[in-house]
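Spelled out from the first residue to the last, the chains are:
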Amino acid sequence: MKLIYKKPDTITERDTTYCPGCPHGIAHRLIAELLEEMDLVKKTVIVWPVGCSVFGYYFIATDAVEAAHGRACAMATGIKRAHPESFVISYQGDGDLASIGIAEAVHAAARGERISVVYINNGNYGMTGGQMAPTTLIGQVTTTTPYGRKPELNGFPMHVPEMFAALDGPAYIARAALDSPQHIIQAKKFLRKAFTAQKNNLGFSLVELISACPTNWKMTPVEAMERIRKQVLPVFPIGEFKVAKGVE
Amino acid sequence: MEKKVIINEERCKSCGLCVSVCPKHVLRISDRINSKGYHPAELFDNENCISCGFCYLICPDMAIEEVRRPEPVKK
Numbered sequence: 017m018k019l020i021y022k023k024p025d026t027i028t029e030r031d032t033t034y035c036p037g038c039p040h041g042i043a044h045r046l047i048a049e050l051l052e053e054m055d056l057v058k059k060t061v062i063v064w065p066v067g068c069s070v071f072g073y074y075f076i077a078t079d080a081v082e083a084a085h086g087r088a089c090a091m092a093t094g095i096k097r098a099h100p101e102s103f104v105i106s107y108q109g110d111g112d113l114a115s116i117g118i119a120e121a122v123h124a125a126a127r128g129e130r131i132s133v134v135y136i137n138n139g140n141y142g143m144t145g146g147q148m149a150p151t152t153l154i155g156q157v158t159t160t161t162p163y164g165r166k167p168e169l170n171g172f173p174m175h176v177p178e179m180f181a182a183l184d185g186p187a188y189i190a191r192a193a194l195d196s197p198q199h200i201i202q203a204k205k206f207l208r209k210a211f212t213a214q215k216n217n218l219g220f221s222l223v224e225l226i227s228a229c230p231t232n233w234k235m236t237p238v239e240a241m242e243r244i245r246k247q248v249l250p251v252f253p254i255g256e257f258k259v260a261k262g263v264e
Numbered sequence: 501m502e503k504k505v506i507i508n509e510e511r512c513k514s515c516g517l518c519v520s521v522c523p524k525h526v527l528r529i530s531d532r533i534n535s536k537g538y539h540p541a542e543l544f545d546n547e548n549c550i551s552c553g554f555c556y557l558i559c560p561d562m563a564i565e566e567v568r569r570p571e572p573v574k575k
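In order, the protein sequence lines correspond to chains A and B. Numbered by my numbering, the letters in the first sequence go through residues 17 to 264 in order. Numbered by my numbering, the letters in the second sequence go through residues 501 to 575 in order.
Don't take every hint at face value.
Unchecked claim - Residues from chain A shown here face chain B by an in silico Cβ test under 7 Å; the list is partial:
id: 1; residue: 19
id: 2; residue: 20
id: 3; residue: 22
id: 4; residue: 26
id: 5; residue: 27
id: 6; residue: 36
id: 7; residue: 41
id: 8; residue: 45
id: 9; residue: 90
id: 10; residue: 169
id: 11; residue: 172
id: 12; residue: 174
id: 13; residue: 200
id: 14; residue: 235
id: 15; residue: 242
Just so you know, the hints here were simulated from the structure itself, not pulled from any lab data. Note that this is a predicted model, so its numbers are computed, not measured. Glycine included, every Cβ here is placed at the ideal spot set by N, Cα and C.
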């Protein structure tokens with residue numbers, strides 16, 4: 017029998033603490049696979065955020081630190097500057113990066129820090145019970161927008177990769193989705209380019225991964241993935257927004 | 501024949517995503533219960549499995565540990 021896929025050794029034996037069907041686990045697996053394939057496991061430091069993935073260091077066996085809410089990019093900057101030979105990944109959610117931590121993230125990008133940001137967008141604050149986040153869609157019902165998000169009251173959803181692509185510092189900016197095997201293969205390609213950008217010392221890289229939150233969307237995991245395809249991807253299209261030379 | 505998909509039933513949380521993406525419909529949610537209280541997914545039709553690995557790609561809990569394809573028979 018020929019081995020087609022095998023669970024990466026960097027993923028620990030500990031069971032994840034995520035709800036059934038939460039794509040955080042898919043993102044973890046993609047990161048672990050890429051670190052093994054690119055031979056970066058030994059020198060990687062992952063900065064974990066506040067959110068559901070706060071216990072990420074239990075699931076991926078690399079060096080790790082835990083940042084205060086939103087401050088992962090600032091912490092990653094310090095680690096990368098003190099240890100330029102290390103490979104620094106900041107793993108953040110949409111409440112973490114796009115709301116409380118937007119200043120740290122934008123300035124890290126503008127300075128062109130050599131870090132890679134994996135940004136998970138599930139459209140709400142998952143851990144605290146599904147409140148509205150900056151990326152909540154217009155009309156989406158959350159616990160703090162019980163009649164749906166209204167633009168005149170709550171503003172519009174934020175398109176983070178498009179914003180960051182306007183800066184000069186980033187070397188690679190893209191958006192992928194985690195809703196189907198096809199999109200997951202594509203997400204891995206984008207993440208590989210983002211990691212290559214850091215490996216080749218080209219600059220800041222960010223990949224947004226469109227994710228689901230079946231528990232707070234009050235759907236089954238299969239329905240949540242369907243919702244990504246029907247409602248989320250038309251607003252947040254998949255694509256590469258900035259590709260510097262040398263990333264390919 | 502050896503199993504083409506190795507599932508760690510203790511890690512499975514019964515989300516059903518692997519069943520939803522399987523192009524040959526050879527996976528299902530079993531009647532067994534694991535120690536977390538979930539019904540784990542199982543491969544019930546090993547013969548028709550094409551080892552595409554879609555279940556591995558979508559599994560959020562890394563419960564699909566291995567996907568294997570039989571070596572082609574030499575004539």
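Hints versus structure:
1. A hinted interface residue such as residue 19/A counts as satisfied when its beta carbon comes closer than 7 Å to some beta carbon of chain B; here the least separation is about 6 Å, so the hint holds.
2. Below 7 Å, beta-carbon pairs count as interface contacts, and residue 20/A has one with chain B at about 4 Å; its hint therefore holds.
3. Because the beta carbon of residue 22/A sits about 5 Å from the nearest beta carbon in chain B, less than 7 Å, this interface hint is met.
4. A distance limit of 7 Å between C-beta atoms decides the matter here; for residue 26/A the minimum to chain B is near 11 Å, and the interface restraint is violated.
5. Evaluation of the residue 27/A hint against chain B yields a held restraint, the C-beta minimum of about 5 Å falling below 7 Å.
6. For the restraint placing residue 36/A at the interface with chain B, the shortest Cβ-Cβ distance is roughly 4 Å, inside the 7 Å limit, so the hint holds.
7. The beta carbon of residue 41/A comes within 4 Å of a beta carbon in chain B, closer than 7 Å, and the hint placing it at the interface holds.
8. Satisfaction of the interface hint for residue 45/A is found here, the shortest Cβ-Cβ separation to chain B being roughly 6 Å, below the 7 Å cut-off.
9. Below 7 Å, beta-carbon pairs count as interface contacts, and residue 90/A has none with chain B, the closest being about 29 Å; its hint is therefore violated.
10. With its C-beta approaching chain B no nearer than about 34 Å, residue 169/A sits outside the 7 Å limit, and its interface hint is violated.
11. Proximity of residue 172/A to chain B is violated relative to the hint, the smallest CB-CB distance being about 30 Å (cut-off 7 Å).
12. Using the Cβ-Cβ criterion of 7 Å, the hint placing residue 174/A at the interface with chain B is not satisfied: the shortest such distance is roughly 25 Å.
13. With a least beta-carbon distance of about 5 Å to chain B, the hint placing residue 200/A at the interface is held under the 7 Å criterion.
14. The criterion of a C-beta within 7 Å of any C-beta in chain B is not met by residue 235/A, whose closest approach is roughly 11 Å, and the hint is violated.
15. Because the smallest distance between the Cβ of residue 242/A and any Cβ of chain B comes to about 9 Å, over 7 Å, the interface hint for this residue is violated.
Violated hints for the displayed structure, listed by number in ascending order: 4, 9, 10, 11, 12, 14, 15.
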